[in-house]
Each structure stands twice: as structure tokens, then as C-alpha cells.
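Starting from the known structure of chain B, fit chains E and Z onto it as the hints suggest.
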Amino acid sequence: MKALEVYKLLPKTNCKECGFPTCLAFAMKLAAGGAGPERCPYLDEETKALLGGATRPPVRAATVGVGARSFTVGEEIVMFRHEKTFYHRPGIMVCADDTSPLEEVRRNAEEVRDLVVHRVGQDLTLDGIALRCESGDPDRFAAASMVVGECGDLPRLLITADPGAHAAALKVCGQFLPLIHAATAENHEEMAGLAKRYGCPLVVRAETPEELADLAARCTAAGVRAILLDPAPRTVGDFVARASHLREHAVKRASPDLGYPLYLDTTTLGTDAALAAGILRYAGVIAVPPLPRPSLLAALTLRQNIYTDPQKPIQVTPGIYPVNNPGRDAPVLLSVNFSLTYFTLLGYLEAGKIPCYLFVVDTAGLSVLTAVAGGKLDEDLVKKSIESTGLAGTVDHRTLIIPGYAAPLSGRIEDATGWNVRVGPRDAAEIAEFLEKGE
Amino acid sequence: MTERITEVAVGATRTEGGTRTRSYRVGGASALPGMGDAGARPLIALEICDDPALWPVVVLEEVGDLAGDLSGWAKAAEERWGADLVRLVLTSTRRRGFDDPASSGKAVGEVLAATGLPLIVEGSIDPALDTGVFRRCGEAGEGERLLLGTAEAERYRSVAAAALAYGHAVLAQTPIDINLAKQLNILLRETGVPHDRIVIDPYTGALGYGFEYSYSVMERVRTAALAGDADLAMPVISAAQDSLTVREVREAPEGERVETAVQWEFYAAFSAAVAGAGIVCVRHPGTVGMLREAIADLWGGEGWR
Amino acid sequence: MPVVTFLPGYRKARVPQGATVLEAAQKAGLVMNVVCGGQGKCGKCIVRIENGETNFDREKFGVLFAAAELDAGVCLACQTRVFSDARIDVPAQTLVQEQKILVDAQPLDIPVHPSVRKYALALSPPTLDDPSSDLARLLDGVEHAGGPAATKVYAPLEMLRKIPVVLRHGRWRCTATVALVPGGYRLINVEEGGTAARLYGAAVDLGTTTVVAYLWDLAGGRVLSTASNYNRQISCGEDILSRVNYAKKNGTAHLQELAAVSVNTALTAAADAAGIDLEDIYEVMVAGNTVMTHLLLGIDPAYMIAEPYVPVVRRTLSTTAQRLGLSVAPTAGVFTFPAVSNFIGGDIIADILTSGMADQDEVSLLIDIGTNFEAVLGGRDWMLACAGAAGPALEGGEVLFGMRANPGAIERVRVDEATLEPAFETINRVPPVGICGSGLIDLLAGLIRACVIDRTGQINTGIDHPRIRMGRHFPEYVVAREDESGAGKDIVITGHDIRNLIMSKAAVLAACITLMDAAGISHGDLATVFFSGAFGNYIDKENAVTIGLIPEVPLDRVRNLGNGAVTGANQALVSRERRKALDRIARTITYIELNADPGFMDRYTQSCFLPHTDLSLFPTVQRVLEECRLRRGAQWQG
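Residue numbers (the working numbering), protein chains in the order written: chain B, 1059 to 1497; chain E, 2 to 306; chain Z, 21 to 658.
Derived from the structure by calculation, the hints contain no laboratory data. Hints are not guaranteed to be accurate.
Computed Cβ-Cβ distance ranges for the label pairs, DEER-style [to be verified]:
| # | chain 1 | residue 1 | chain 2 | residue 2 | range |
| --- | --- | --- | --- | --- | --- |
| 1 | E | Asp38 | Z | Leu261 | 49 to 59 Å |
| 2 | Z | Lys600 | B | Ala1090 | 32 to 42 Å |
| 3 | B | Ala1090 | E | Asp66 | 37 to 47 Å |
| 4 | Z | Lys32 | B | Asp1485 | 51 to 61 Å |
| 5 | E | Gly110 | B | Ala1090 | 27 to 37 Å |
| 6 | Z | Pro486 | E | Ala166 | 22 to 32 Å |
| 7 | Z | Ala547 | E | Ala166 | 47 to 57 Å |
| 8 | Z | Glu441 | E | Ala166 | 45 to 55 Å |
| 9 | B | Gln1233 | E | Pro254 | 18 to 28 Å |
| 10 | Z | Gly544 | B | Lys1370 | 25 to 35 Å |
| 11 | B | Lys1370 | Z | His493 | 36 to 46 Å |
| 12 | E | Ala166 | Z | Arg643 | 46 to 56 Å |
| 13 | Z | Lys182 | B | Asp1438 | 24 to 34 Å |
| 14 | B | Gly1448 | E | Asp127 | 31 to 41 Å |
None of these values were measured; they are calculated from a predicted model. The beta-carbon is built from N, C-alpha and C at its ideal position, and this holds for glycine as well.
Same shape as in the complex, but just chain B (with noise of 0.2 Å):
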């Protein structure tokens, strides 16, 4: 609903009471989704219920595992990040069959456990273990299941077809939360049974979008809370086809059956392409065999760049960064912590093979053009960051380089810092140029 629509629902009498200057200040908010309908005490159950239905998330969530490595999906409202967000990244869970060598279990659960990888100031992880009876003996799987738990609090996904394996492993790690996969229509009574006596969220597995919700429909009636849905395909491109059917329905509310979080197994399908498609496309979670560490690297960079919130980009820790080793008497060069100026300036001063200190400044991820026009990046911000990077003790001279957006600010900062500014390019392309003509 757009803002008008909402605000002619509303009582029009700007009383403030919602917290809102306005009453089309409140619409306006409502209208993206940044407030609940429920703060103005005047709306009627009915406008209320209206409102509120536009609002939440059409798909729903799912919550796996339980303590600090538990992680939610779903919760998603558009086809293209760009029109808002993603909000839940995939879980990537790594699959151990429980007819390896117990110890082989443990070490594998361990590495998952233990992977991070640091960039620009996240921490990437592998989110769990993926069990798979291969054994056909319930026995074994419980006993395997046991042995990923003693490896801390790594959420688990237990998959067999077998509701008998998934009651024996049930019992010892049931408590645990994980996902059971699958429900499908031979077995999806026991199975929902099992997810509701636990609690633990269930996917269905069908080859159709009509199965998929008749099977969701059931096991929830049977009262399973959270259920994900497995489109069985067969290839990346089954996948990619059948997720984006599958999040078009449920953006749209065409089918609220179909508004669950999906499921991939990317171990028949080609390993690289389909998690790469699963992150590109709608997955919830990924199940994927053992991984050599470039590919889990560049998995988890691509997960990390495809959920990143378009309107809050990835900031860089402001401070000083030596670019290309420098000595005292290297230029230092003023920017910003909106992480593409930082990296393409970087790009630039690395190939053009120029010693120089990066100096980062907080401007909360904004542009050095946003920056500026906000009034975020001031005089005032560069002498508090000279002063608490100790900039004056890692270079000899006091000559401050400032992008070509912030010219306006020259003198401002010349007067508040004491060093001397020169008006760099506007663009990070002619900066090797401008440092190497400078000189």
C-alpha cells in the first residue's frame, strides 16, 4: 500500500500519539514497514487487520537449532534485493554421512565449527552439519547425531527419508531443535508427528508447487510450527526456476501455502553452481558436501555481499591504512568508510603501485558526495580522527590529500586541523595521476 492509501485509513487528527509528528508521517512509515498499525490507539480491528496483513513478511520464518549458532530464515518481502533487502542469509550446513568413522564425524563438525573467515569487519561461519543416514540403521544415525552435538552448539539437519532414523536421532538431539528433512507425501504423517513432539521445523519435499502446499497445509494442521520446502530439483536450473516460482507466489500472497523458506541439497546438482544459485536465489538453507576452501570462501563472500542491506552498505573500520608500504613522508590520503570508495581507491593505489596512507574517516558508510551534502563529513570529524588515530605520529609532514567532492571543505579543515589541504580528483581513477604529478 502506498503512504496515501494508508493515511486515508488513518484519523487525520495528527495527535501525535503513535510517536509520529503526523498522521502521514505514521502512513508513510507504515507504508514501509517500519511500524506496526497497532500504535495508533484509534484504528478499529478492522483497519487494523487490513494494515497489518499489507505489512507482514509473506514469507514466514523458520528458526534452526538453538543457542548462539541458532539462525533464522525467511521473513522475506521481495524478488530483487534492490527493492528492499534480504533479510535472512542462507544457512550453510555441511554434510557427514553417519556411515563414516565416528572420529571422521567429529572432525568434520569440528572444521565446520571452527571455519571464520574475516572480512571488512564480519565474521563468515558455516552455520551446521548436515547428518545423512546412509546406514539405514537408526541406531547409528543417533549415535552419530550424538557426536556432531558434542561438538558444541552447531545447529544440525538430520535427512533420511526413515521417520523410524529420525525418531531414534530425535530422541537424543531433539532438544537441540534441528531440521528434519523430509516430509513427503509417503511419510509426511509420522514425520509431522516427530516435528511437532519436538518442536523442530520440517521440510516437505514434492516436485510440484501444488503438492508442495498441500503437503505444508497438512503438516501444519498436524501443528508443525516451521516448515521449509524442498522443490526436489534436479538440476541448478529446476532449482533456480522452481525458488523463483516459489518467491513470486509467496511476495505476491498468491498462495499463502507456498510462504514458507526453501530448502537446497546441492550435493547431486554440481557443487559450486548451486550453492552460488541458492544464495543468488531464495534458499533458506543449503545443504552441501565438504568444500575445498577457495570454494568456501568465495561462497561465503558471496553470501555476505548478496545480503548486505543495498541502503546500509558495508562500512570500513575507520583508522589509518598503509597502502603499498609507505614511509613517514608518504601522502596521506583523506576518504570515507563507504566500503566501494574505500575499495575502489584502494584498487587504483595498488595498481598503481603508490606508497600511501589510506586515511578513514566515520561518515556511517555514506559517499564522500552524501557525506558532504549531510553535513556528516566535516572539519570537525577530520581533527577528532586525526587526533584519535594519532596521525600526526605516523607521518612527518601535515599535508591532508581530500577527494575532490569535499573541496568545499578545504579551508574549513585547514582552519579546524592545522594541516595543509590539497584538493584531490573527484574520481578514484585519476588519483594515481594526481599523486605522481604532485610530487
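Below, chains E and Z without anything else, positioned relative to chain B:
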């Protein structure tokens, strides 16, 4: 989504007035992959260059002596690695004091002679050189329907003039912004370059280095076109050119470097294909086969429509 | 104390030892061009010391001048201190030149029903049988004369002191002045005899640069005279930000005084013209932006310019002339317009009042453009407002030959599409020395129609024409050749100038579109687009739409409000009903912070194009430009 992406002809066979052994019509999709008729699968271009000094080390190690042998490199792209297109980057023009546009034309001729694949040519990036370089490149490829690049908002007239004079299409590059992409297309149109002679290069940041912006710009460009914006309805080309010089690749352990390089290119290029790119470009030969297989798989899907 | 004499004109001022020449000049009533607020930065307050003991740091400011100039005594007024009597020569360009001040208000079509009234009374003297108090007697008289009920009128102490004497001295014939103020009625004067005809009021637009005053005969309901002059605060900095910074450093007292002096100067001129006594002005209505209002009231505006940008007062305020130092009747009420935010101030509320948009069911857009711009969208039920920095380009700043609307400024330009030759008009018809905002907009529109520039503003240097050439740094188009110019050289517009202009206009258009998107309406839904302020009054509507300064609407829906601030002040002065509407308007407005709007940058980039990246928003412009292009086409293709 009811509109269709404009088809751009790349490469000309003998019957089409050129000497290529195959030619393509890029575009034609009426939906993003997985969301309807995504048209022909995206083409894979392998990038080569005429001056390897500015080329990623990890590629030079892979191609060995071919790096100094433009003909051999181009031939291998076609025969050994199975690329659909060769993208010749005239890195020599980026050297300070470059003043030999004739050599650019010669390089284009050499590659055209060595391979039957259609050719993308990436020329100078200096307004002072553009006119000469693009004229020579355009001339050398006359009739071959090259994809000639790169036009930018501040320097598009010489590329456009060369493309118009010698029958090529233009690569229109803008820095990761749908609006700037559209603006450049309008500028080119008003200079006389028809829509079916433009390919949009929205600039692709490397994975982890701005790729999130590029990915969404590609999606936005595609969805805007499919929703009816004719000034964005040209095919998209994606080249995450910095993939092989990012820290993750440079600092990868010796035994993992090649694999990391390939994955870094692969994830970005495959994602670009999912976002609707019509041509994806890579530099490491190892990426080509992996990408070809994955794209075939992506195009081999069965939806529910 | 040294006496400083300024030449030409022999204006004199006595100042303490060590005062700056600038301070002396201010005291002598000279308004100097001080862009930086007297910090020695802008280099504009150039003077030459003829004699006298002064000191000026030649080392520090030497770069600004040639050695010969320094030897001749040239220096900066703000950085030169005076230690003895001195004679100082002031070049004309150092003084703020007479600029076009927009005085014209819209004619009023509302009934005159002022808040202040006079009642001429003939009271019966008290007797032992009728011993009611003097005050009761007076107020009963007012009530019987058709005034408010006696119980509703408050009489302050200074009136009580005055009443017994005036009543008896005037033999019980007197005139009472009663004003409607927030909270009731107030007795503000008692005079002997019948003075009911002498009831005047003033409406004032207190702008950052200029002050405009309208003097009203409130009894007769007509305008007597108008006057305008510069805001004396200019000597403390040219723009709002430098005024606030001045206040930060030096306190608000000086700025408050200068604001009062500026208003007084205008009122005195108006009163002189009308031949009335200032003391008979009983009400002053002031519309000013939020900072000006704060400064007139002597309230520190410092907290407004940093996040979260909170002003101190946001509603209609009333006080007395005495307390602000206004030289009208001391008890006269002074009313200031309410504000919505730091940027949406009383001047904008006055614009809205003038436009009448708050009384309409249809949606209108109101734009006030200067270095900063404000935009308001809405109608009776709701209004959205935003503000931003357009940059100085539209006012001639950051443009090589840009200038304000001073004599010699090119204010109208056409570019012949066939010959690419310009035709221009200047202010006062003197040879051109620069180009002002309206001229720049004409030029931009003319150049795009003639296909000299592309839609990003790049000059096509491929065109072989004597007026199109590569300048020192940028391509340029010659608007006036040296022989046509009064500047002694070619007057050009460069590619860089054009880029700055486009960025400025883009900020305005993007803000308008942001408001329209927030409300979910399109340009077709706009009943009227109102331009307010000096800038809007002089620009060519069609050209403004052609370059995409405002959304495309049929030109007959674009209206100039003239000086909307003073018109609004007039309305609120003479009509109780209109005054009452002010607070309601201020409450109806929802302010949108453009910086916090995630879509703003996108809309800005879209707007950095002539007229806009989405050409379907400008269907008529697009058709016209397409025709122009086709006409020129053949020529360029060759």
C-alpha cells in the same frame, strides 16, 4: 515482464560479410533466468591482452609463453579452452606515452586471423588516444561486427564514430549505476548509434569488492528493461576484471592460488549470468570450462510454468 | 577615539583604538561585501588606506595582492586595525551593490480584519454615584464601542500607570488600542483625544540578504508604502551558516541588534514615504527563515545546524517591539511566523499562506530556490516538505562568469538554433559583465535545444563554430565576445559551469520527485507549481521545465508568487483568520529528511540529466528536444 531484450549481432560469418566461423545474436530474453524465457544461454568471453605487463600474474603463469603470442593465445581460447568469444584488451594503450594507434589495429587483425571466434575489442581509455585507436581498431575489423569498447559518458563520441563507420557494436560502460547506464544509452542513441548496436557494461566489481552493487545494478537493468524501458533493453556484458588481483587471490596459499582465482571469477561470472548478463568475461582459462558447464546446467532447468 | 573617514562620500565613524576598518565601516553605515564573515578568507572587503596609523599583516595576506598594491595601502578591511584618525578609500566593488530586491507582493483578495483595533471613546467622568474604577470605565467604553467584553481584556501595568492621567488630561475623551494576542485581548495603548484613524501596521520579510517592509493603514485597510534594504547582518557573513558561526563565536547580541536595525531602516523609510509617525505602528508581522527569526528574537541558533537539527521555537511567537528594539510603538505586538524545521521556516509558511495551497483539495507543489531550496507538496489535508542545498550555481556562484542579479548581469538569453549565435538582455541594459541565475537557466535550455551540449551538459567540441572552443581547462561557449562585453574579456560558460548548474538543478528536481514519490503522486496530479522568492520571479518557466529544474506540468499551471514571504506577512497582518491558519499549516506539514531517504541519491543521479533520465516524465520537453535534434541532426552526422 513482457518486453524482450534487444538482440545485438556479434561477429559476422562469410555469408554475413565477415570472416568469422560463427556469429551470435546476444539478447532476446523476455525474463531473467528461472523466471521465464531467458533466451539463449550467456556467452563466455576469454580475455587476452597485447601487453601482458599489466595482466594478472596468476593468468600469466597458466598461459606461459602464449602471453607474448597474441595469435596463439587467441587460438587456444577457441580450441583448447572452449570460449565463445575472445576479448582483446589493448593494454599497450594504457602505457604512458603510447603513441602508436596503428599497433592496435594490427593486434586486432592478428587476433581475427588466428581465431574464427567473434571478437570484443577493449581499446584506449584516454580521450587523447581514443580517436586514433578506435579508428584503427574499427578499420581492422571492418565487416566483422566487433563489439568495440569502451564508451563512457565523458568520452563516447570517438568510439561511436568508429563503430558507426565500420559497422560494429559499442560497449557502453558506466560505474555501477542504473541511471548512468541509461543516460549513456540515450547519449549514444542521440549520437546515432542504434539500440541494437549497444551492449551495456554496468561495470562489475570483484566478488567481495563491490560485487553486491554490480549484481543489483544488473538485476535492476534487466528488470527495468523487461518492464518496458527501451533505453535499458540492450544486452548486458559483465567482466569482474579485478577478480584476479584481489587480496584473497594474491595471498592464497601456493597450492590453492589457481583454485581460488578460478572460484573468484566463477562465482562472480555465474552470478552475473543469473542476474541476466548476456556475455560474461573471464581471464583465467580454468574458469571457462567450469562456467560453461554451470551455465548449461542453469539453462537446463525445468520450471513449473 | 580615532575618527575614520570613508571615501568617496566622507562617511565618518568614531571607533575605539584597535577596531577593524570593517567595524568602522559598519558603524558608518557602509555595507561591505564580506562573504566569509570577516575572517580574512574571502578577500572581498578590499580597501585602500589613504592616511592614518593602521596595521595589516602583509606577510599573511600578501598573496592576495601585488606588491605595488600593498605599497599603495591596499588591504582587507576585516584584517586591518585602526590606531589613529584615518582616511580610507572604498572601491565600489567592495560595497554590496544594489541588487534587484523583490518587493512586489501579490494583491490581497481577502477581507481586512486586523487583530489590532482602536476605539475612540467619550467617557462619562466618575461621580460619587458612579465610582467604578478608571480601568473598568475605559474597558466598558471599549465594549460599548463594539470591542471585546471588558472581562476579556488584559491591561498591563504600564497602561494602568498611564490611564488616570490620560483620561483626566483629555477630559475623558480618549482612544484605546486593543490587540488580539494569543490567550486573549490586550490593551496596548491609551491616548488623549480621537486618534482612531492613526492605526498602522507593518508586514516584514526578514530575509538573509534583504529586508522588505509593507506599511499598512489598518483602519482604512490599504497599503501606504513599501521599502526595502539590505540585511545589515551581511557584514557578519553572507550566508546563513556563517551567521550562525558568527553567533557561535561572538554571541547573538550583535546579530540581534543588526536584525532590528535592518527592520527599523526599512520601517523608517516606509514611514517617511507615507508621512506617518513610526510610533503609530501598533503591530509588526515578521516572516523570516528559521535562523533569521531566531536571530531577531535573540535566540541562539547554534543547535539547529548540527544533528538532529532542532530549532528552539516552532510556533507563532508574539512579543513587544520594545523588547526587540524595534522603533515603533513600544507596546506594539511583534509576531513571528511559525517554523516546521530548521529549514522550513516562517518564510515558507508565509509562501504557503500566500499560495492558498493549504485551502485546496488538489495537490500543489511549492518551491523556493536560493543557495538552499525548500519544497512543499500537498493541499488541505496533508503537506510534505523537504529542504536541501542546491549549491550556489543557480545564483551565479561556482560559475566562472556567474553573478548575482546586479546591473550588467545577463538575465535573458536565447541561442539561435540555426546559427548558434546568442541574443541576450542585461539588467539595466548595460554591457554584460556576467550571467545571473535566470540567464544561466536560459543559456542551458538554449544550448541543449541547439544541440551544443548533450544531455549531461558536455559541450560538443566537434562542432565547428567560433563560439565553441576548448578553454584553458574545459570546453566553453562564448556568450559575449570581448567587443560585446563590459568585462573587458570574453564572457563564456564552461563545461564545468554547466556541470555545476546541472548538479544544482538536479538537487531541486530530485527533492520534488522525492516528495511526489513519498505521497505516491505523479506530475500529472499537480494542480499548480508555485515558485516563490526572487529567483523564481525572474526565471523563464518554459526554460525551467526544459532543463528539468521542476517537474513538467503545463506552463499555465506554473505560477510565480513574487515575494511570497511578504505577501504572507501582509495577509497575517490584516486578517485574523489568515493569522489563525498559520499554526494549523505548520502542524499539517510532515518534514522529510532527504539525507535519510535511501532513494534520494538515486533520484539525484536520475535528475543529473537534461531534463531527467526518465524522459517519460517530460513528454513535451522530450518531443521538443527530439525535433531540435532532428533539425540539427544532418549537420552533426557529417
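Verification of the supplied hints:
| no. | hint | in the structure |
| --- | --- | --- |
| 1 | E:Asp38 with Z:Leu261: 49 to 59 Å | holds, 56 Å |
| 2 | Z:Lys600 with B:Ala1090: 32 to 42 Å | holds, 34 Å |
| 3 | B:Ala1090 with E:Asp66: 37 to 47 Å | violated, 59 Å |
| 4 | Z:Lys32 with B:Asp1485: 51 to 61 Å | holds, 55 Å |
| 5 | E:Gly110 with B:Ala1090: 27 to 37 Å | violated, 57 Å |
| 6 | Z:Pro486 with E:Ala166: 22 to 32 Å | holds, 27 Å |
| 7 | Z:Ala547 with E:Ala166: 47 to 57 Å | holds, 51 Å |
| 8 | Z:Glu441 with E:Ala166: 45 to 55 Å | violated, 31 Å |
| 9 | B:Gln1233 with E:Pro254: 18 to 28 Å | violated, 41 Å |
| 10 | Z:Gly544 with B:Lys1370: 25 to 35 Å | holds, 34 Å |
| 11 | B:Lys1370 with Z:His493: 36 to 46 Å | holds, 38 Å |
| 12 | E:Ala166 with Z:Arg643: 46 to 56 Å | violated, 30 Å |
| 13 | Z:Lys182 with B:Asp1438: 24 to 34 Å | violated, 53 Å |
| 14 | B:Gly1448 with E:Asp127: 31 to 41 Å | holds, 40 Å |
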